[in-house]
Amino acid sequence: MLHGISNSGRAWAPQIAPLVEAGFRVIVPDHAGHGASARLDRAFGVSDIAADVLALLDHFSIESADIIGLWLGGMVALEIALTQPRCVGKLIVANSFDTTATEEFRTMAEGWARTFCGEDGAG
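Using my numbering, the first residue of the sequence shown is number 1, and each one after it goes up by one.
By construction, these hints were calculated from the structure, which means they are not laboratory data.
The beta carbon of each residue, even a glycine, is placed where N, CA and C say it ideally should be.
It cannot be assumed that every hint is accurate.
As the list claims (entries may be wrong) - The following label-pair restraints were derived from C-beta to C-beta distances: (1) ILE5 / LEU82: 15 to 23 Å; (2) ALA101 / VAL26: 31 to 39 Å; (3) PHE105 / ASP52: 17 to 25 Å; (4) GLU103 / ARG10: 30 to 38 Å; (5) GLU21 / ARG114: 36 to 44 Å; (6) ILE62 / LEU40: 33 to 41 Å.
Working from the sequences, and respecting the hints, build out all of it.
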């Protein structure tokens, strides 16, 4: 279960127990720079997060997983499905984008940066 931007795996808390009770193995990582993960010291993109998720699956010896991605997590899930389709059983993508290379996304991201960091860019 892959969370959205400026969030953490805790966002999935209401869904975890019912899925485990239904017999699913549930893995809910915090993406780099989010939640309990260390702060980033360099630019980090969707493909980097996808590589992290693939490394996590490899660490747990999981060859294929059903992946649920919300927002940023959806972009990561799509990246995994497109680049490593053998690793994806079922794919659920919610409230996400297929690309950030649009004027609409750039405008939205600039608005978030102002909101999260302040007009001067300081956190």
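Holds or violated: 30 to 38 Å for the Cβ distance of GLU103 and ARG10? With Cβ atoms ~33 Å apart, the hint holds.
Satisfaction of the hinted span 31 to 39 Å by the C-beta atoms belonging to ALA101 and VAL26: holds, 32 Å
Hint check for ASP52 and PHE105 - Cβ pair distance inside 17 to 25 Å: The hinted range 17 to 25 Å holds for PHE105 and ASP52, with Cβ atoms some 22 Å apart.
Is the gap between the beta carbons of GLU21 and ARG114 within 36 to 44 Å? holds, 42 Å
Range hint 33 to 41 Å: satisfied by the CB atoms of ILE62 and LEU40? Violated, since ILE62 and LEU40 (Cβ atoms, about 25 Å apart) do not stay within the stated range.
Could you check the hint for me, namely that ILE5 and LEU82 are 15 to 23 Å apart, CB to CB? holds, 20 Å
The structure shown violates just one earlier hint, number 6.
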